[in-house]
Amino acid sequence: MQKLILEDCLKLTKVDKSILSLTALKSLSLKNCSNLRELQYLSSLSNLEELIVDGTLIQEIFIPEVSFGVENPPRLRILRLDHSRVTEVPSSFHGLSHLQTLSLSSCWDLLTLPVLPSSLINLSVTCGSPEAAFQNLTNLVHLKQLHILGCPSLLTISDGIDKLSRLKELFIGDCPKLGSLPLLPTSLHCFQLSGLPSLKELPSLSGLKRLSRFSLSGCSRIVKIPGLKQLVSLKALSINSPLINIEGLECIPSLSSLRVEGCEFEDIYDLQEAERVGVPAGFAALETLEISGCQKLERLIADASWFPKLKELKLRGCNGLRQIPALSRLMSLEVLEISHCREITAFPDLSSLKRIRQLKLNGCGNIFGGMTSLEILDCEGITIRPADLSSLQNLKQLKLVRVKVIESISNLGKLCKDNCSALELVNLSRPRLQELSLQDYLVEIIGLAQLEVLHIVECGKSAEHRINISRLGRLRELRFSGCQDLMGIEGLEELVYLEVLELSHSKRVLREISHIEGVLDLSILTMLRELTLDCRQIEGLEKLIVLEVLNLSKCGLKNEVLDLSILTMLRELKVVDCGQIQGLEKLVVLEVLSLSKCVLKNGVLDLSNAQKLRKLKVTDCEPLVGIQVCEQMIQHPNICELRIHGCEGLKWIRGFEGLNSLVRLDLTNCEALEDISFILAQNIDKTNEIFIRKNLNELSMGGCQSIKGISGLQESLVKLDLSYCKSLEKLPDISHLSELKKLSMVGCTRIKGICGLGELTSLVKLDLSKCQALWEIPDISHLNKLKKLSMVGCRRIKGICGLGELTSLVKLDLSKCQALEQIPDISNLCYLDELSMVGCPRIKGICGLGELTSLVKLDLSKCQALEQIPDISYLDNLEELSMVGCRRIKEICGLGELTSLVKLNISKCEALEEIPDISNIRKLKELSMIGCVRIKGICVMGKLKSLVKFDLSCCESIAQIPDILNLGGLRTLKLSGCKRLEKIPKLPTRCKLKYLDISGCKAMKEIPDLSKLSSLSTLKLSRCHQRLLVGTPRHLIPTYVEEDTTGSMNRHTKG
44 MQKLILEDCL KLTKVDKSIL SLTALKSLSL KNCSNLRELQ YLSSLSNLEE LIVDGTLIQE
104 IFIPEVSFGV ENPPRLRILR LDHSRVTEVP SSFHGLSHLQ TLSLSSCWDL LTLPVLPSSL
164 INLSVTCGSP EAAFQNLTNL VHLKQLHILG CPSLLTISDG IDKLSRLKEL FIGDCPKLGS
224 LPLLPTSLHC FQLSGLPSLK ELPSLSGLKR LSRFSLSGCS RIVKIPGLKQ LVSLKALSIN
284 SPLINIEGLE CIPSLSSLRV EGCEFEDIYD LQEAERVGVP AGFAALETLE ISGCQKLERL
344 IADASWFPKL KELKLRGCNG LRQIPALSRL MSLEVLEISH CREITAFPDL SSLKRIRQLK
404 LNGCGNIFGG MTSLEILDCE GITIRPADLS SLQNLKQLKL VRVKVIESIS NLGKLCKDNC
464 SALELVNLSR PRLQELSLQD YLVEIIGLAQ LEVLHIVECG KSAEHRINIS RLGRLRELRF
524 SGCQDLMGIE GLEELVYLEV LELSHSKRVL REISHIEGVL DLSILTMLRE LTLDCRQIEG
584 LEKLIVLEVL NLSKCGLKNE VLDLSILTML RELKVVDCGQ IQGLEKLVVL EVLSLSKCVL
644 KNGVLDLSNA QKLRKLKVTD CEPLVGIQVC EQMIQHPNIC ELRIHGCEGL KWIRGFEGLN
704 SLVRLDLTNC EALEDISFIL AQNIDKTNEI FIRKNLNELS MGGCQSIKGI SGLQESLVKL
764 DLSYCKSLEK LPDISHLSEL KKLSMVGCTR IKGICGLGEL TSLVKLDLSK CQALWEIPDI
824 SHLNKLKKLS MVGCRRIKGI CGLGELTSLV KLDLSKCQAL EQIPDISNLC YLDELSMVGC
884 PRIKGICGLG ELTSLVKLDL SKCQALEQIP DISYLDNLEE LSMVGCRRIK EICGLGELTS
944 LVKLNISKCE ALEEIPDISN IRKLKELSMI GCVRIKGICV MGKLKSLVKF DLSCCESIAQ
1004 IPDILNLGGL RTLKLSGCKR LEKIPKLPTR CKLKYLDISG CKAMKEIPDL SKLSSLSTLK
1064 LSRCHQRLLV GTPRHLIPTY VEEDTTGSMN RHTKG
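The numbering used here numbers the first residue of the sequence shown as 44 and each following residue consecutively.
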């Protein structure tokens, strides 16, 4: 025997010595023998060339230095120890002179490497040592492939790697502390960097003349690629980093694939440069162009002829892109995708593109919102997915005829059945899709015997139809979601190959497929790997021993306890409101766990054996007292996310001590949490302070009311939420948090100052609302990226230094800053679209307000000391203006020029004597002037045809109102308390008025004939004279009439 394969032998703990008889053995594979702990007798297998022990518990590979003579060296060529527990590689490995491939990926326990044999060609390593593992690579003169992946403590890679003249492939990834790279060998063909957040710059790539593939992702500090234009052999370039430009791209003649994501450039090539030097040669060979999440991208290309060979063009999430060039010259184009580019309003002509075979348009509602009919006929190469059509909200007709490559379809009746192997019916409940009927489809589905995947999502009216799927014997994946009216599914027991089953929001379906009334028996579906159920009782779950993904919502068990101990293959588990759970301590391969509204035995969540846990989310689980996770996770830096919400009784969490891989930590509303040592760098002290010295990007502790202080915040933090930490008295200097983008301290009522705030130059969102003790903040003029600033209820703040320099600011809320006396000139805030200063009683003026041309919403209500505002006639984009209770304002200059205004509320402006002519504000829908006691009249309103609500209540000086005959859209008219108003003008023809209030209009002599107001539902005549009843239609006769001593009438009527 030369080859022995013992893979996935879960009960194998050691290899029997009988293996010694296999003297001719060349290949031995023990892959995924997850309980194998030792491997003896290896030295006696002198002919062994390949050894694979991936995914085992082996901690040591023993190769005696004296077992092999010089004339008979070991012949081992390939050794794979991926995902094993090996802690060190013995020095005797140096004697393996034939070894060519050594793979130690995901060996989290590995601390160091010895001098390795110079014969190595392929080396892949995961190591926990800071540096030592990569100090002895220079002797590997034959090395062609080097992968350094998942080394959380690695700081540097030693110089000399540039001497490896045969190295062709270099991958470095998931090394969060790696700060620099050495010079690179000129022999490289493929170079990939990922997950290196500490890497500040790249070495020059100018010498890599042979490099054909380069990938850069997760390197958040890299903003440029030096030497890019010298990469003359580059064929594929992939970038996912915040680059500000890609200089030199036009100089790469062989580039065939370009993928960029999250970059911050405005165009991929300087269009002015193109006008000067002509068509760039660098795009002539380009076949694939993908641009995703580049929010600042405004221009794509000047001319499509630059890309004569382009086959795939994909644009995703480029919200700054307003137009795409004419594509008619892209004669080679086969795939076109435009997704979530919301500002694009026009689509180019595709009629000349004869080779196009796949078209995806998603989230571009501005282009296709009005389409009512779509026909795709005889397009055999086209692929259609329901998501591609999700923006067609007005679609009435859909026809797909002879479309061969169908992965999913929304009109089964037009489908060529012989080509359908997967079927999805999505959102068929839309009433506008008049030609689509689920009942018609169900009949045809039964005949699709070759079907392997069936998805039916949100299919509405089914005419109480049942479906028998017993003939779908090849079905591997079945999903029914949101089919509330589907009566039943029969034949589920015949689907012996079923691997994925989802029955969510389909109560009637679950009832009908049950063998026992009210209980769903799962015991027959033994091949299930993924299961999603909700709102039903189940049994037989313990038979699904190969289950890997389980989602249960509001599902009861026959024995009332959800025991998961037998489901040892579970990787992902989500349970919502399913009563008591037990057996979680047995889930050794669990990676993702989400629990909500569940009850745990003894109030403790025991995950002590879940070594591979990556994400943990626990929400509203009461009574939950403690959480115990696997302490060995420190050696396996997989866990990146911990979210615990609303567990008010939680007191301790253990097992996270010293964990370096945690990226997101959320402890929102854990009010009783006492033991927080799992995130400490040292022992907790009596002050209950937190010392965060990890790799956290996000820290949320909203509502943790016992926390008094925080120290040692790491500079890698991007998001920090300390809202409603009511015991928090102070923060340390936070000036070093150079990456911080979001800071929320809402309701930190004891915080008096925030040292270093003015140095957070990356800050985008700042919320200091309800910090009632905060009396000052530093100069914030350097926060030039800040877009949203909220300081609602900071009642001791008197001034905000540097506010006028925040040129990126979009939203500003200073409401209820009761001590605020003035703000700087804000005329430079050219992007500000929302300004709220409600309840700032000491503000007398707002300098620069009239220059905020981007302003959409302005609220100055209850600014009682405000005496005047600048001319606002230039605020062309203003849609909402509220100045309620500005009792010293006498005039609003420029109001009549606000042509975009939709809502105007100037109620209780007691000093306001008149308002300008507002007849040009034709978009106005709501006008409220309650309690403007000095206003005597209003100019012409006949042009306000969009007006829906008009409220003049308590305007005591108004004697008449202008003609409203043309206000056909008016629904609400309130004139109560207008003591001098004598009459109501004639109402619009066919008026749809629903609400009319003239209570307290004591001078009212007459009202127009109301007999034709068929839509009127409420008429209020309280404290009005009885003669106003004349002309009131019979259907509005009051249910009761109560006369007071003055003879007035209080009437409440409902039509």
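Hints were generated in silico from the structure; no laboratory data involved.
Any given hint could be a false lead.
With a straight-line cut-off of 30 Å between C-alpha atoms, the simulated BS3-like cross-links for lysine-lysine are [what the hints assert, rightly or not]:
#1 K1048 with K243
#2 K1045 with K951
#3 K660 with K220
#4 K951 with K762
#5 K773 with K694
#6 K828 with K808
#7 K992 with K979
#8 K397 with K272
#9 K617 with K660
#10 K951 with K808
#11 K854 with K828
#12 K769 with K988
#13 K979 with K854
#14 K586 with K655
Source: prediction; values computed, not measured.
Checked hints:
Restraint check: the Cα-Cα separation between K1048 and K243 comes to about 80 Å, which exceeds 30 Å; the hinted pair is violated. Using a Cα cut-off of 30 Å, the hinted pair K1045 and K951 holds, with the two alpha carbons roughly 21 Å apart. Using a Cα cut-off of 30 Å, the hinted pair K660 and K220 holds, with the two alpha carbons roughly 27 Å apart. With a C-alpha separation of about 41 Å, the suggested pair K951 and K762 falls outside the 30 Å cut-off, and the hint is violated.
Only pairs whose Cα atoms come within 30 Å are accepted, and K773 paired with K694 is accepted, the gap being roughly 23 Å. Distance check on the hinted pair: K828 and K808 sit about 9 Å apart at the alpha-carbon level, within 30 Å; holds. Between K992 and K979 the CA atoms are separated by roughly 20 Å; this keeps the pair inside 30 Å, and the hint holds. Taking the CA atoms of K397 and K272, the gap is near 34 Å; set against the 30 Å cutoff, the hint is violated.
Simply put, K617 and K660 have alpha-carbon atoms about 9 Å apart, close enough for the 30 Å limit, and the pair holds. Among the hinted pairs, K951 with K808 is inconsistent with the structure: their alpha-carbon atoms are about 33 Å apart, more than 30 Å. A threshold of 30 Å between alpha carbons decides the hint, and for K854 with K828 the separation of about 12 Å falls inside it, so the pair holds. Pair hint K769 plus K988 does not hold up; C-alpha atoms about 51 Å apart against a cutoff of 30 Å.
The hinted pair formed by K979 and K854 fails the criterion: a straight-line CA distance of about 36 Å is larger than 30 Å. This hinted pair checks out: K586 and K655 have alpha carbons roughly 24 Å apart, not beyond 30 Å.
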